[in-house]
Amino acid sequence: MTTLKFNQPTLKTLDSFLDNLLGDLPVANNHSLNFPAVNIYETNEDFLLEFNVPGRKKEDFKITIDKNILSVAFESKEENKQEGKQYIKREFATQSFNRSFTLDEKINAESIDAKYENGILYLTLPKKEEVKVLPKEISVK
Numbered sequence: 205m206t207t208l209k210f211n212q213p214t215l216k217t218l219d220s221f222l223d224n225l226l227g228d229l230p231v232a233n234n235h236s237l238n239f240p241a242v243n244i245y246e247t248n249e250d251f252l253l254e255f256n257v258p259g260r261k262k263e264d265f266k267i268t269i270d271k272n273i274l275s276v277a278f279e280s281k282e283e284n285k286q287e288g289k290q291y292i293k294r295e296f297a298t299q300s301f302n303r304s305f306t307l308d309e310k311i312n313a314e315s316i317d318a319k320y321e322n323g324i325l326y327l328t329l330p331k332k333e334e335v336k337v338l339p340k341e342i343s344v345k
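Each position in the sequence shown, counted from 1, maps to that position plus 204 in this note's numbering.
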């Protein structure tokens, strides 16, 4: 029988290992990340972007296209009405952001559509007709 020897790290060693491992990762809280998370997926007809942006108003988004760059921005217009409230801790925040994406030549930029629903901003980027992948059945001869 072979005996396997290993050095079990002490708690202090383990803590410094985790600090080194996790030290470069951003902390996910309202104040450290100034842009929303985005899901991007593709269908046969279009590309879809979903921005996780709860607590905003659809009127405050600015979506522009300039030289094949799609920009999605939100300007925070947070009001400081306290009316007799004295916060002990305040974590709710809506920070301004600007995300930009380079549009591919496959995108029909004239037909991009956006809607805001239940805290998600949905952008639909339709493909040009010539690049849509249509299912095709091949008959056997």
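Calculated directly from the structure, the hints in this document are not laboratory data.
One or more hints might be untrue.
[Stated by the list, open to error] Computed cross-link-like contacts, PhoX-like style, restricted to lysine-lysine with a CA-CA straight-line distance of at most 20 Å:
id	residue 1	residue 2
1	K266	K281
2	K271	K340
3	K345	K281
4	K319	K266
5	K310	K281
6	K289	K262
7	K271	K345
8	K319	K331
9	K261	K310
10	K310	K332
11	K293	K261
12	K331	K262
[Stated by the list, open to error] DEER-style ranges, computed between Cβ atoms:
id	residue 1	residue 2	range
13	F265	E314	17 to 25 Å
14	F296	E334	43 to 51 Å
15	Y245	I267	24 to 32 Å
16	F239	N312	19 to 27 Å
17	S304	K262	30 to 38 Å
18	S280	E333	35 to 43 Å
19	K289	K332	48 to 56 Å
20	I292	E321	40 to 48 Å
21	K271	Y326	33 to 41 Å
22	E279	Y326	13 to 21 Å
23	S343	E321	39 to 47 Å
24	I273	E334	21 to 29 Å
25	A313	G288	15 to 23 Å
26	Y320	I342	41 to 49 Å
Predicted model only: the values in this text are computed from it and were never measured.
Each residue gets a CB set at the ideal place from its N, CA and C atoms; glycine is no exception.
Each hint tested on the structure:
With a C-alpha separation of about 13 Å, the suggested pair K266 and K281 falls inside the 20 Å cut-off, and the hint holds. Between K271 and K340 the CA atoms are separated by roughly 35 Å; this puts the pair beyond 20 Å, and the hint is violated. Only pairs whose Cα atoms come within 20 Å are accepted, and K345 paired with K281 is rejected, the gap being roughly 66 Å. Between K319 and K266, the direct Cα distance comes to roughly 12 Å. Compliance with the 20 Å bound is thereby established for this hinted pair.
Taking the CA atoms of K310 and K281, the gap is about 35 Å. The hint is violated against a cut of 20 Å. Under the criterion of a C-alpha separation no larger than 20 Å, the hint pairing K289 with K262 is inconsistent with the structure, at around 27 Å. Annotation: proposed proximity of K271 to K345 is violated, straight-line Cα distance about 48 Å (limit 20 Å). Of the pairs offered as hints, the one joining K319 and K331 holds, with about 18 Å between alpha carbons and a cut-off of 20 Å not exceeded.
At roughly 30 Å between alpha-carbon atoms, K261 and K310 are farther apart than 20 Å, so this suggested pair is violated. As the CA atoms of K310 and K332 are separated by approximately 6 Å, the hinted pair is consistent with the 20 Å bound. For the hint pairing K293 with K261, the CA-to-CA distance comes to about 24 Å; that exceeds 20 Å, so the pair is violated. Note on K331 and K262: the hinted pairing is violated, with a Cα-Cα distance of about 25 Å set against a maximum of 20 Å.
Take F265 and E314: their Cβ atoms lie about 19 Å apart, and the range 17 to 25 Å holds. At about 47 Å, the CB distance of F296 to E334 agrees with the hint of 43 to 51 Å. Evaluation of the 24 to 32 Å hint for Y245 and I267 yields a failure: the beta carbon distance comes to about 19 Å. At roughly 26 Å, the beta-carbon separation of F239 and N312 lies within the given 19 to 27 Å, and the hint holds.
In this structure, S304 and K262 break the distance hint of 30 to 38 Å, their C-beta atoms being roughly 20 Å apart. Separated by about 39 Å at the C-beta atoms, S280 and E333 satisfy the suggested range of 35 to 43 Å. Look at K289 against K332: about 53 Å separates their beta carbons, and that is inside 48 to 56 Å. Remark: the range hint 40 to 48 Å for I292 to E321 is contradicted by a beta-carbon distance near 33 Å.
Checking the proposed 33 to 41 Å range against K271 and Y326 shows it is violated: the Cβ atoms sit about 24 Å from each other. Checked against the given bound of 13 to 21 Å, the beta carbons of E279 and Y326, roughly 20 Å apart, stay inside it. In this structure the supplied range 39 to 47 Å holds for S343 paired with E321, their Cβ-Cβ distance being about 43 Å. Remark: the range hint 21 to 29 Å for I273 to E334 is upheld by a beta-carbon distance near 22 Å.
Restraint check, A313 to G288: a C-beta distance of roughly 49 Å breaks the suggested window 15 to 23 Å. Restraint check, Y320 to I342: a C-beta distance of roughly 42 Å satisfies the suggested window 41 to 49 Å.
In terms of the numbered hints stated before, the structure departs from hints 2, 3, 5, 6, 7, 9, 11, 12, 15, 17, 20, 21 and 25, listed from lowest to highest.
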